[in-house]
Structure formats: structure tokens, C-alpha cells
Amino acid sequence: MRKTKRVIAQFTFYDRTGIQKFLERQAEKGWMLEKISSYGWKFRRMEPEKIHYAVTYFPEASMFDPEPTENQKSFWDLCEHTGWKLASHNAQMQIFYNERENPVPIETDPQTELETIEKSANKSYLVSYWLLTACTVLQIALGIWQFATDPVGYLSRSSSLFSALCWSMLLAMCLMEIIGYFSWRKRARKAIEETGEFTATKGFRNIQLAFLWIILAIFAAFLFSIERRFAAVAVISSLVVGIMASAIWGFSALLKKLKVSAKANRIATIIIIAVLPFAVTGILFIKILGGVFESGWFDKEAAYTYEYKGMEWKVYDDELPLMVEDLIETDYKGYSTSWYGDESILLSKHDAYQRPRMDDLKEPYLQYTLVKVKIPFLYSFVHNQMLRDFPHNYGVTYEDYEFYERAVEIDPTEWGADYAYQIYMGDYAENEFLLCYNDCILELRPDFEIELTEQAKKNIGNIFG
Amino acid sequence: MPRTKFQTLTEQMFYILLCLKNEYYGMDILDRVPAMTNGRVNVGSGTLYNLLEQFLEEGFIYETKVEGRRRSYIIAPKGEEMLDKEVERLKAQLADYNTFSGREEA
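Listed in order, the protein sequences are those of chains A and B.
The opening position of the first sequence corresponds to residue 13 in the numbering used here, with each subsequent residue numbered one higher.
The opening position of the second sequence corresponds to residue 691 in the numbering used here, with each subsequent residue numbered one higher.
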């Protein structure tokens, strides 16, 4: 049988009632709290027993204290005098247990009890939750900006969706703690005035644990959904972040062991937090990943290469849904076909290129973007966005400008499509089309030499319709 | 936290101050208060620690000896004043009770 176990704490910081109950239940099951720390709470096997636990806060204490202060120790002595032995402490939180049957509680005055919780909250817990909230809001704002610039691209990237989900869940967790605390404090203050009693706290541990598991599950699903080499990068990056966080904790713990003062430790730790991530990201991502990129690890595998004017050119052999051969008669065999893109649970967006070799540039090329909408609800949104971005005017807004591109709706029936648009520059119709089919939208930009016959249009309709 | 709540004393504050008419260690107070009140009033160790801090801040008590983590205290004139004021209030309360409950019963 296991002698020790670790539990992800994830307790709401002011939830002294919930923590006490949790620890008492653990004791009844034969688990005695040994140590609380940032890495989870450690329990030791013991005879199942009814033990009383008490969670109190000592506002003066800090997570950077090299050792408990004299005041803190004299507080512990007082508690021990009434049978309350210290089980463990971490920063302000002090956890005691008592084996007596009806012990005098540590807190017998709700007013002072509330005051100490408020002091501790203001000194550290709330500060860290506000900071975390600021970080998440910043990340979410960045996500919104990315979404606004390229909504279709954003929705088709699992990584964007995953990070949006993570940050929103983290924000929800922070807000739960902050709003929960303030509403509890309001009720507690009122209750003391009216009844003189302490208001039991209620935490969000189960919801938060569920959030953590959901994030982990989605991360796993995300890793399996992307290519293995990108998954490797994602795993390595997460490991690096984890190692970095442990290194920062370790550094602070080392300073504590060296009996460095709390103030110096706090300053040094803040500096490390500010510098280390940048240094590590800089070194790792520029040097190492840069090297990996250069080594071609991320490059698509070429079918073969050839030399042209002293340079090496790659020929790819990706399968494309639509080929030049579907549009015109050709017996040219030197095409390079490549298919790049992203896919999420909402959309997939791929760019297809079919190019002749450099020494055969007279052969026509074909390029297009294909967006597949997996959720019908998003279709009209994607349609509007792609239509908006279809003409390339690079910020030119005056419509009478002779090179001003505009999308003109054309007859979709010969394409077998629901909607069809073509780019016009003045009266000149360009060889660029936006074709909307049942669940996909095709932005087709073939070589101007490819004249799309009725048969070619029908072929396109057969492939995508 | 300097507070205005020392307008009146709670029972626990009252007995801590009363107890400190003699010099005592913090721990002694934990035993003395229940003994003085026949177990009617108990002061928890956390509450005691915080109240002693607040009393010191307000000048209600003095710290007499600090031997490492063992500290002893004694009441200060300002604390005596607080106690007296509280007793006056309680006396008035009792007098009111006698006057009014007696009349109503009659």
C-alpha cells in the first residue's frame, strides 16, 4: 500500500471551511496532511482517525521568509497550548490539527478572524490573482486582435482555438476567485454586524479541478490532431515552460535555504521572473529552433530536386483536389504540387499550388485556397469574410482608381455553385473566382493563360459541389 | 488594524484585559480566562494573538518580557480605562434591567 500521496490542491485561497472539511475527511480515510506546497499537498498514511483541522492565516508571513519569524513561532506556541499542532504552513496559510475531542477553536472571534483573512488576501492572494487576470486579459486581447485581422485563418488553427480556450478558462478561474472572495467578504461583514457569526466559506475546487482536466484533455487532443513534428515542438515548449517555472521556484527555495532575507529574495525572484523567460525563449527559439528550421526538419519532403541557374529547386508531390489537368488539356509532367494549411474542429483552410519547373515557366500554373466549413453555423460568416478579402486593394479605397479590384457576383449555375464571384478591374474581368459550395469555399486564382471552359467549370463543380 | 470598534469590549476582550491586571504570559491567559469564568468564556489562540497585537497597538497593554517566543503582558492605564468604561456600561445595563423588568413583572 502507498505510504504517501500527493493531491492537487487548487483550493480557493480563502476557503478555510472547505479546506478544513477536506482535511478532516482525508483523516477519516487514513491520510494525514504532511506538507502543503506549490507542487500539491502531500499526505502520509495513518490509522483512520477523527481529527480536527483548523486553517488560519498569518498576514505577517511571506512565501519568501527564510524561516518562520519569532512572531509566527509564538503564534504556533499559543496554538499548541490548546492542542493545535502545526501540520504545515505555506506563506500566510497555517494549517493545524488537534486530536482532542472538543478543542477550543483557534478563532473564537469572527471579527478578528475575518480581519486576518482580509489582511492576508490584500497582502498576497488578491495581488497575484489581479496580476494573473491582467496577463490573461492581455492574451485574450491579443487573440481578439489576431481574430479580427484574419478570422478565417484564426478559426482554422487548432493552436489559436486551444490558446483562446486556455486563456478564457484561466480568466474564468481568476474571476471566480476574485469575485467569489469579494462577495463572500460582503456577506461575512454583514453577518458579523447582524448575527456576530462567521460566514462559512465556499470554494470552487471541483470546478477548477474540472477546468484543469478539461484543459489537459484538450491539449492531448490537440497534440494528436497535429503533425507529429509540430506536436513534438508543442510538448518540448510546454516542458520548457514547466522547467522554467520549477527553476524559478527552486531558485527562490534555494535563497530561503541560504537564509537570504524575505525582501532580498522577493526582489531577486521578481528579477528572475522578468528576465529568465525572455532569455530562455531567446536562446531556445532563436538558436535551437532556428537551427532546426534551417536543417529543414520542418520543410515539406520533396519528391525530387533539380538545378536551375545554379540553385537547387524542390519539386513536391502533394495530392491536390483540383489540378491543372482538370481544367485544360496538358501532357506536361513536371508540375510541383504542394498543399499547405491548417485544420481545426471548426474549419480547414489550405493553400494549393501547382507550379511548373523553373525551366518550363511557359506552362500554366494554378493556385487556390480551399476553406472547408465544418460547422454550418459559421458558413455565412466565412463567406462574408472571404468575399471581403477577395479583392486585393492593399488599402486603396478610391473606387474610381483604374486598378481598383472589386468582386462582382456572377452566375453560379455553370460552376454548380451556390454563389460565384469574379474579380473585375474596371471593365476588365480577371481570372480570379470565389466559388461557394455546400460546405466549402474555393478562392481560385489560375494562370491567366488558363481559360476556363464550360467543361472546366463543370469539373470544378463536380469536385467541390 | 487600528479600529474604532473598541467603543465597547467583547466578552473575550474584557476578560483578557481583566486577566492582565496581573502580569501573564500569553499562554497563561488561554488557561486563566476559562478558569475565571467557569469555562463559560474561552479564548482561541488565534484570537488571543490578534487581540494582544491590537491591544499593544492601541496602548491598552504593555509587553513586559520578551524571552524569545515567550512574551508576557500587563494592562496599561488606557486599558484600565477601557475596562472601567465597560464596567460602567454593564452596570447601567443591569440597572436598566432591574428597573424595567421589575416594573413590567409587577
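Be a bit skeptical, because a hint or two may be false.
Claimed, not checked - DSS-like cross-link-like pairs, simulated, lysine-lysine; straight-line CA separation at most 30 angstroms:
1. Lys271/A - Lys97/A
2. Lys131/A - Lys781/B
3. Lys755/B - Lys275/A
4. Lys97/A - Lys755/B
5. Lys85/A - Lys755/B
6. Lys386/A - Lys275/A
7. Lys386/A - Lys374/A
8. Lys711/B - Lys85/A
9. Lys271/A - Lys214/A
10. Lys755/B - Lys271/A
11. Lys15/A - Lys135/A
12. Lys202/A - Lys775/B
13. Lys62/A - Lys33/A
14. Lys135/A - Lys202/A
15. Lys711/B - Lys470/A
16. Lys15/A - Lys269/A
17. Lys85/A - Lys768/B
The set of hints was computed from the structure by calculation and includes no laboratory data.
Right, here's what the structure says about each hint:
1. Using a Cα cut-off of 30 angstroms, the hinted pair Lys271/A and Lys97/A holds, with the two alpha carbons roughly 25 angstroms apart.
2. A C-alpha spacing of about 36 angstroms is found between Lys131/A and Lys781/B, which places the hinted pair above 30 angstroms, so the restraint is violated.
3. Between Lys755/B and Lys275/A the alpha-carbon distance is near 28 angstroms, which keeps this suggested pair within the 30 angstroms criterion.
4. Between Lys97/A and Lys755/B the alpha-carbon distance is near 25 angstroms, which keeps this suggested pair within the 30 angstroms criterion.
5. Only pairs whose Cα atoms come within 30 angstroms are accepted, and Lys85/A paired with Lys755/B is accepted, the gap being roughly 16 angstroms.
6. At roughly 55 angstroms between alpha-carbon atoms, Lys386/A and Lys275/A are farther apart than 30 angstroms, so this suggested pair is violated.
7. Restraint check for Lys386/A and Lys374/A: not satisfied, since their Cα atoms lie roughly 38 angstroms apart, outside the 30 angstroms limit.
8. Proposed proximity of Lys711/B and Lys85/A is supported: the alpha carbons are some 26 angstroms apart, at most 30 angstroms.
9. Note on Lys271/A and Lys214/A: the hinted pairing is violated, with a Cα-Cα distance of about 37 angstroms set against a maximum of 30 angstroms.
10. Annotation: proposed proximity of Lys755/B to Lys271/A holds, straight-line Cα distance about 27 angstroms (limit 30 angstroms).
11. Taken as a hint, the Lys15/A and Lys135/A pair is broken in the structure, with Cα atoms around 36 angstroms apart against an allowance of 30 angstroms.
12. Distance restraint check for Lys202/A and Lys775/B: the Cα-Cα separation of roughly 27 angstroms lies within the 30 angstroms cut-off, and the hinted pair is therefore satisfied.
13. Simply put, Lys62/A and Lys33/A have alpha-carbon atoms about 11 angstroms apart, close enough for the 30 angstroms limit, and the pair holds.
14. Restraint check: the Cα-Cα separation between Lys135/A and Lys202/A comes to about 22 angstroms, which is no more than 30 angstroms; the hinted pair holds.
15. For the given pair, Lys711/B sits about 104 angstroms from Lys470/A by alpha-carbon distance, which is inconsistent with the 30 angstroms threshold.
16. Between Lys15/A and Lys269/A, the direct Cα distance comes to roughly 27 angstroms. Compliance with the 30 angstroms bound is thereby established for this hinted pair.
17. The suggested pairing of Lys85/A with Lys768/B holds, with an alpha-carbon distance near 28 angstroms, which does not exceed 30 angstroms.
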